[in-house]
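Peer 1: The letter at position 53 of the sequence shown is residue 53 when you use the numbering used here, and the numbering goes up by one with no holes.
If you're looking for bench data, these hints aren't it; they were derived computationally from the structure.
Just so you know, even glycine gets a beta-carbon here, dropped at the ideal spot from N, CA and C.
A portion of the hints provided could be inaccurate.
To be verified - What follows is a list of derived Cβ distance ranges for each label pair:
(1) Gly45 with Asp21: 19 to 29 Å
(2) Lys7 with Met64: 30 to 40 Å
(3) Ser55 with Lys7: 17 to 27 Å
(4) Glu6 with Gly65: 35 to 45 Å
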Amino acid sequence: MNVSNEKKICHFCQNKMDQIDFKDAYLIRRFMNSQGKIYPPKKHGTCTKHQRALSNAIKKARIMGLVPFVVQ
1 MNVSNEKKIC HFCQNKMDQI DFKDAYLIRR FMNSQGKIYP PKKHGTCTKH
51 QRALSNAIKK ARIMGLVPFV VQ
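Based on the sequences and whatever the hints tell you, model everything.
Peer 2: Okay, structure coming up:
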């Protein structure tokens, strides 16, 4: 089993993004699995601040109908 001990860098900190736009469905879907669930921070290496903002953006996008709640 290959286990990587490298610390992942937050995508949003690396690109100096202060706000996460909920209308950017392409960016948001990168942080969701095929079933429409939000990936945990350990999977993509997002920091706590941006993980919280990302989950809020995903929830807003779901309500607006930009990304699905559940994929069947």
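Peer 1: Now, for every hint given, state plainly whether the structure supports it.
Peer 2: Hint check:
The beta-carbon spacing between glycine 45 and aspartate 21, approximately 20 Å, falls within the hinted interval of 19 to 29 Å. Taking the beta carbon of each, lysine 7 and methionine 64 are about 34 Å apart, inside 30 to 40 Å as hinted. The given range of 17 to 27 Å is respected by serine 55 and lysine 7, whose C-beta atoms sit roughly 21 Å from each other. At roughly 37 Å, the beta-carbon separation of glutamate 6 and glycine 65 lies within the given 35 to 45 Å, and the hint holds.
Of the numbered hints given earlier, the model fails none.
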